[in-house]
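Q: The residues making up each chain are set out below.
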Amino acid sequence: MKGWIAFLNILKKDVKTYYLKPPNISWGIIFPLSWTLMQLIRTPGGSILQLLPGLISMSVLFGTTSMLAVTITFERSGRSFDRLLLAPISLSTMVLAKIMGAVLFGVFNSFVPVIFAAFFVNLSAVNWALVLPAVFLIAATSTLMGLLIAVSAKQVFEAQTFSNFFRFPMLFLCGLFVPLSSVPIFLRPLSYCLPLTYGTDILNGAIIGAGTLSPLLCFGVLIAFALALFLLCRHNINRKWIM
Amino acid sequence: MGIVSVTNLKKTYGDFTAVDGISFEINEGEIFGLLGPNGAGKTSTINMIIGLSRPAAGEILVDGIDVRTQLKKAQAIMGIVPDESNLYNEMDGFENLCFCASLYGMRKEEREAKAVRLLEQFRLKEAGKRPFKAYSKGMRRKLTIAAALIHSPRILFLDEPTTGIDVESARQIREMIAGLKKQGTTVLLTTHYIEEAERLCDSIAFIVKGKIVASGSVPELMQSVSHGHAIQLVTDKNVESLAAELQGRFEGSRVEIRPDRSLVLVSERRIPLLPVMEFFDKKGIAVYEARELRRSLEDVFIRLTGIESAVLKKEKEKGGGGR
Chain H
1 MKGWIAFLNI
11 LKKDVKTYYL
21 KPPNISWGII
31 FPLSWTLMQL
41 IRTPGGSILQ
51 LLPGLISMSV
61 LFGTTSMLAV
71 TITFERSGRS
81 FDRLLLAPIS
91 LSTMVLAKIM
101 GAVLFGVFNS
111 FVPVIFAAFF
121 VNLSAVNWAL
131 VLPAVFLIAA
141 TSTLMGLLIA
151 VSAKQVFEAQ
161 TFSNFFRFPM
171 LFLCGLFVPL
181 SSVPIFLRPL
191 SYCLPLTYGT
201 DILNGAIIGA
211 GTLSPLLCFG
221 VLIAFALALF
231 LLCRHNINRK
241 WIM
Chain R
1 MGIVSVTNLK
11 KTYGDFTAVD
21 GISFEINEGE
31 IFGLLGPNGA
41 GKTSTINMII
51 GLSRPAAGEI
61 LVDGIDVRTQ
71 LKKAQAIMGI
81 VPDESNLYNE
91 MDGFENLCFC
101 ASLYGMRKEE
111 REAKAVRLLE
121 QFRLKEAGKR
131 PFKAYSKGMR
141 RKLTIAAALI
151 HSPRILFLDE
161 PTTGIDVESA
171 RQIREMIAGL
181 KKQGTTVLLT
191 THYIEEAERL
201 CDSIAFIVKG
211 KIVASGSVPE
221 LMQSVSHGHA
231 IQLVTDKNVE
241 SLAAELQGRF
251 EGSRVEIRPD
261 RSLVLVSERR
271 IPLLPVMEFF
281 DKKGIAVYEA
291 RELRRSLEDV
301 FIRLTGIESA
311 VLKKEKEKGG
321 GGR
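If you're matching them up, the sequences are chains H and R in order.
Be aware that the first sequence starts at 1, since it is given in this note's numbering, and climbs by one per residue.
Be aware that the second sequence starts at 1, since it is given in this note's numbering, and climbs by one per residue.
Any given hint could turn out to be false.
[To be verified] Pair ranges (Cβ atoms, derived):
1. H:S77 with R:K209: 53 to 63 Å
2. R:E175 with H:P23: 22 to 32 Å
3. H:F165 with R:G164: 32 to 42 Å
4. H:S77 with R:V167: 47 to 57 Å
5. H:R79 with R:G184: 26 to 36 Å
6. R:M1 with H:L217: 50 to 60 Å
7. R:Y13 with H:S214: 46 to 56 Å
8. H:N238 with R:K211: 24 to 34 Å
9. H:A125 with R:E84: 50 to 60 Å
10. H:C193 with R:Y13: 29 to 39 Å
[Unchecked claim] Derived DSS-like pairs (lysine-lysine); straight-line CA-CA distance at most 30 Å:
11. R:K133 with H:K154
12. R:K72 with H:K240
13. R:K182 with R:K73
[Claimed, not checked] Listing some non-contacts, in silico: residues in chain H with all C-beta distances to chain R over 10 Å:
14. L85
15. I115
16. F168
17. C193
18. R234
Hints were generated in silico from the structure; no laboratory data involved.
Note that beta-carbon positions come from the ideal geometry of N, C-alpha and C, so glycine has one too.
Here chain H stands alone, though its shape is the one from the complex:
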């Protein structure tokens, strides 16, 4: 019960202090909206439905990775993060509470293009039972990658720079812009090492029926990625921040 109280309050504090701030809310709305418009302008007459899996994935990826990396690096530099390390809560509870804020922010971001699309196309054929857990898992894996960066960064600008190093290559390797079958063969193994590849594939299947892998396999891989990243983050925090 005590751990649960701490978890909820860390989450509440992060949402109120960081994610519900006007710059983040506007960024969370404007950024996915801009992506959507950009894609529509680039391919006039293109179906919004065709674009939706990519837009959702990008919105989640960009909404989560740098957000947690920046907030944690900010708290670390002001030493307020020490309060969490000194609290009688397990490291797992603390890590879960910290990532949950960013995950929720990512999920919120993902629905901006969905709401926008709802004005133009019929979304009744979309398999929401697959979309919702996929969005959640993409957000969780992206957030954990952000946390992994935060463990290595000392300054906020470092966290932002490191985020871009893997975020942009990931966009081009996960099958969003370039189908996996068109990715150069020597890069393809790298594509299959990225969680976003599996998340995008589920979304492609659930929204436009163009998935190439079994959703069950994709969910399994995403859960495995999330668990592995969570354990790696916990290990790195324990090793690097408790010196």
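Dock chain R against the given chain H, drawing on the hints supplied.
A: Below, chain R alone, put in the same frame as chain H:
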């Protein structure tokens, strides 16, 4: 066994040994001072006890709990005030206290009631609704201490609590520390201000280059460098001529005449005042003032460490923190 027991504690950073096999015990309900210059190993020692740093060797027991294996259990009874006020700038005073309480699993009603009480106690009630970033340095320090007390810890770790703050806030913090002792809270205090440690602490350990060079109660430490008791007397007449007679009257004593013509009677044993007063009264000499001359903790510190206490203060003013 004390509530905090540290045995052969060691910490190294590469080739540098920050803490070199120190041992000490803190008894329940006492204020224990850890004094030393910058880089002496004070903060490294505290960080190992509270779990922010891992010892290279040694044992730490807090209320019988091994910190290395049951850290979270031990942290539940600790309150920690770091050398920097590290609350959340965006949150107001009340929210900061409530958030810190929630980390210890306190329920909403309980943490809100305690937060209100602490804001009143620290005279921050008016500032409770202002964001932490708008606080003065003294107010920030007080709120950081209040946050460490929100869960009523049995042991409070205070790292340089009054450094760099205004006189009134420092006085309030010292009062609060003395009040905590009355309530039975154990306090580990590190400070650059030796007079503060002398005023507040029951026991003190002097740490220099990672080693404890002396420890004990304040009277014990005083005794270790003192060579007897001394009484200073201010009289209405020059008493230099009576020095030899006075020395003969009080066996084993020595008389010194100060430049201000006051007389100092030094003896291995404590000297009762009444016979001294009677001696002067019979000579028709009025004694206006009689007081025991005590060595200060600063004298002890200088004698044991070879470091002038002024150097300590200067180091802190330069902004140098402990490791």
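Q: Would you mind marking each hint as holding or not holding in the structure?
A: Quick rundown of the hints versus the structure:
1. H:S77 with R:K209: 53 to 63 Å: violated (30 Å)
2. R:E175 with H:P23: 22 to 32 Å: Since the Cβ atoms of E175 of chain R and P23 of chain H sit about 43 Å apart, the hinted range of 22 to 32 Å is violated.
3. H:F165 with R:G164: 32 to 42 Å: Because 40 Å falls inside the window, the suggested range holds.
4. H:S77 with R:V167: 47 to 57 Å: For S77 of chain H and V167 of chain R the Cβ distance comes to about 30 Å; the hint is violated.
5. H:R79 with R:G184: 26 to 36 Å: holds (29 Å)
6. R:M1 with H:L217: 50 to 60 Å: 58 Å Cβ-Cβ, so the 50 to 60 Å window holds.
7. R:Y13 with H:S214: 46 to 56 Å: The hint (46 to 56 Å, Cβ to Cβ) holds, given that Y13 of chain R and S214 of chain H are roughly 51 Å apart.
8. H:N238 with R:K211: 24 to 34 Å: For N238 of chain H and K211 of chain R the Cβ distance comes to about 29 Å; the hint holds.
9. H:A125 with R:E84: 50 to 60 Å: Holds, since A125 of chain H and E84 of chain R (Cβ atoms, about 56 Å apart) stay within the stated range.
10. H:C193 with R:Y13: 29 to 39 Å: holds (36 Å)
11. R:K133 with H:K154: This hinted pair holds, its Cα atoms lying about 22 Å apart.
12. R:K72 with H:K240: holds (18 Å)
13. R:K182 with R:K73: holds (25 Å)
14. L85: L85 of chain H is in fact no farther than 10 Å from some Cβ atom of chain R, at 6 Å.
15. I115: It holds; I115 of chain H is separated from chain R by about 29 Å at its closest Cβ, greater than 10 Å.
16. F168: Its Cβ never comes within 10 Å of chain R, the nearest being 30 Å, so this holds.
17. C193: The claim holds: C193 of chain H sits with its nearest Cβ about 33 Å from chain R, beyond 10 Å.
18. R234: holds (14 Å)
In the structure shown, a violation is registered for the earlier hints numbered 1, 2, 4, 14, in ascending order.
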